[in-house]
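Participant: These protein sequence lines map, in sequence, to chains Z and E. Last residue of the first sequence: 521 (our numbering), numbering continuous. Last residue of the second sequence: 1157 (our numbering), numbering continuous.
What the hints contain is simulated information worked out from the structure, not anything from laboratory work. None of the values given here were measured: they were computed from a predicted structure. One should not assume that every hint holds.
Going by beta-carbon spacing under 8 Å, a handful of chain Z positions derived as facing chain E [to be verified]: (1) I134; (2) F136; (3) Y161; (4) A164.
In this text, a Cβ means the ideal position worked out from N, Cα and C, and glycines have one as well.
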Amino acid sequence: MDAMASSDSEEYYDTDDDDMSQLDDGSDDGEDYDSSQEADDEACPKPEEREKEYDFETEADVRQRQEEDTAKISELLSVPRGFAAVLLRHCRWDAERLENEWFCDERRVREAVGLTAESGAPTALSDRPLACAICFDLYGPGETISAGCSHYYCRECWAGYVGAAVGDGARCLLLRCPDPGCAAPVARELVEQVAGDEVRARYERFVVRSYVEEGRSKCIRWCPGPGCTLAVQSRPGFRLYEVACACKHAFCFRCGDEAHRPASCETVREWAAKNLSDRETSNWVLVNTKHCPECRRAIEKNQGCNHMTCGDPCRHEFCWICLGPWKDHSGGYYNCNRYPQDRADESSEEKTRREQAKASLERYLHYYQRWSAHGASLKKARQELDGLEKGGLDRLAEEIGGGEVVNSTELEFLKEAYAQIITARRVLRWTYAYVYYLDPEHDRLRCFCEYLQGEAEASVERLHRCAEQERSELEAFVSTAEAAAEKLEEYREKLCSLILVSRNHFTNLVEGFESGMPEVS
Amino acid sequence: MQASRARLFKEYKEVQREKSADPDIQLICDDSNIFKWTALVKGPSETPYEGGVFQLAFSIPEQYPLLPPQVRFLTKIFHPNVHFKTGEICLDILKNAWSPAWTLQSVCRAIIALMAHPEPDSPLNCDSGNLLRSGDIKGYQSMARMYTRLAAVPKKG
Ligand SMILES: [Zn+2]
Ligand SMILES: [Zn+2]
Ligand SMILES: [Zn+2]
Ligand SMILES: [Zn+2]
Ligand SMILES: [Zn+2]
Ligand SMILES: [Zn+2]
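Build the full structure now, drawing on both the sequences and the hints.
Facilitator: This is how it looks when you write it as structure tokens:
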């Protein structure tokens, strides 16, 4: 229970393979870094070590397991490997189920996949001269081949047939003999004999993808991240919710969507459907240009943080989302996230349907705007993190105090800040969908949710601003190396403590929301 | 392209040889384009299409026989699985159940079988589909017979 309720920032670091490891230990990063490591640890304690909930598997790992399963079945049922794979796929790669069904009623299973008794082998060569039934050309003995049945075709026609099916997608795994009256399956042995390298490779890929996608096991899933080929295998005993893949894509293990804690998969589905149906109205509201509430100057938001500062001479500080003064957005006064209930009450007292519709739209837009604003900030933060990883840290190290003060490995804490911002924005974003679906009558629960949300939001805004704006001040700081080092240290301490605060907030937030808050509900 | 041409040429020779073998089907290849064929099929007996001769147009893709030919009725026909205006045919073997072992000749046979056994559950012609589904066999038959007489029976003299 503990493991699944903790904030996913921890999971982010748990993917200790390859590229993330630099965040966890700087063992081979040189002396400079080692000496600073202690201070770093003091300021940014790592989340406590936790048992791993899942493992990554490459396509090759998955293929190997699949081969093992297939070999076992092939031996047990005394059928060729290719037929064993056809049978296993039919039973959703569940060897136990296949064994049961087979020993219960072998004929029925054979019929279901087209393995009639005559076909003992997945391929057969004709022993006499024949016309290929696709191209009608004449061939000598041994020149035409069948799927173990009595329908022989030349290799070229088979290659075209298999190639077209593979080009069509995963349905190539269900391919049968071209004869319209014959159900003999086209097994892997035949594909290997007739298809070229490229088609064979694609076919193999469909076979291995099928093992995970069509498999009955709920414990393994392909990472849906773009271009990622890793599979995630949950360890026994864990009910896995969210996965942070080594490719950095964070996703929900259950629905495969982007990570969405603390909202449930059902909430996410409903919310997506709602957004789709209300798209036009919400867009209209969002594209309206915003103006500084003090001086009415048009403001364009080009940073991720929602704490806006108008240009000189106004310098008015306000919130991008609610346009309220920023001074109301700190600490206990933070209430940008609160839906003004009296507004809704007032209009629901009016009995006309139109006003009720308006109130419900307003209520929806309140949550939608915040959900979407956090989404935009999240995207920004991802780009920032990307930039830092692709040379941004090196540039920054050269910038500060003329490059004499730090090396880039000592600036890794900035990446941690962005990783936390990303997690926090994502969690916050989904709390808005979560609160939208709370019973509007249940004031105590909503207020409590909003309280937690408000705290967390204030902390991420502080963190985001510190990581973004105060960093640019650091870059601009021109002075002696000594002064620069001092300023950097000050900045590091501040940012690290903000990371810590934000992590705590988000652990509590996710725990609170996911427990349904029994103390108030 | 070369493979499809070769195969169509063989089908052409087969059709010439078998000319009298299947009296219900007459396949004709376009003089200048081996990818364009027409067929004349006889309406099956004991159906409202009996006595009619229906013209089909074949347009054959370059990937034939890996891909199915496109076939439509040129003659107007009142049938649940044929679009009344365009002549488009809803038949599984012309779509996902296609196999390269089918030939133009066997496609014609499948279409004749479809004329005798309509599938009212996947209608392209809703009027006739509804008639059949609501059990109004008589209504369907009289409409189909009327269109057969109007469009498919060769005028005499
Ligand atoms: Zn052939
Ligand atoms: Zn066969
Ligand atoms: Zn991935
Ligand atoms: Zn989900
Ligand atoms: Zn202003
Ligand atoms: Zn606000």
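Participant: List in ascending order the numbers of the hints, as given earlier, that are violated by the structure.
Facilitator: none
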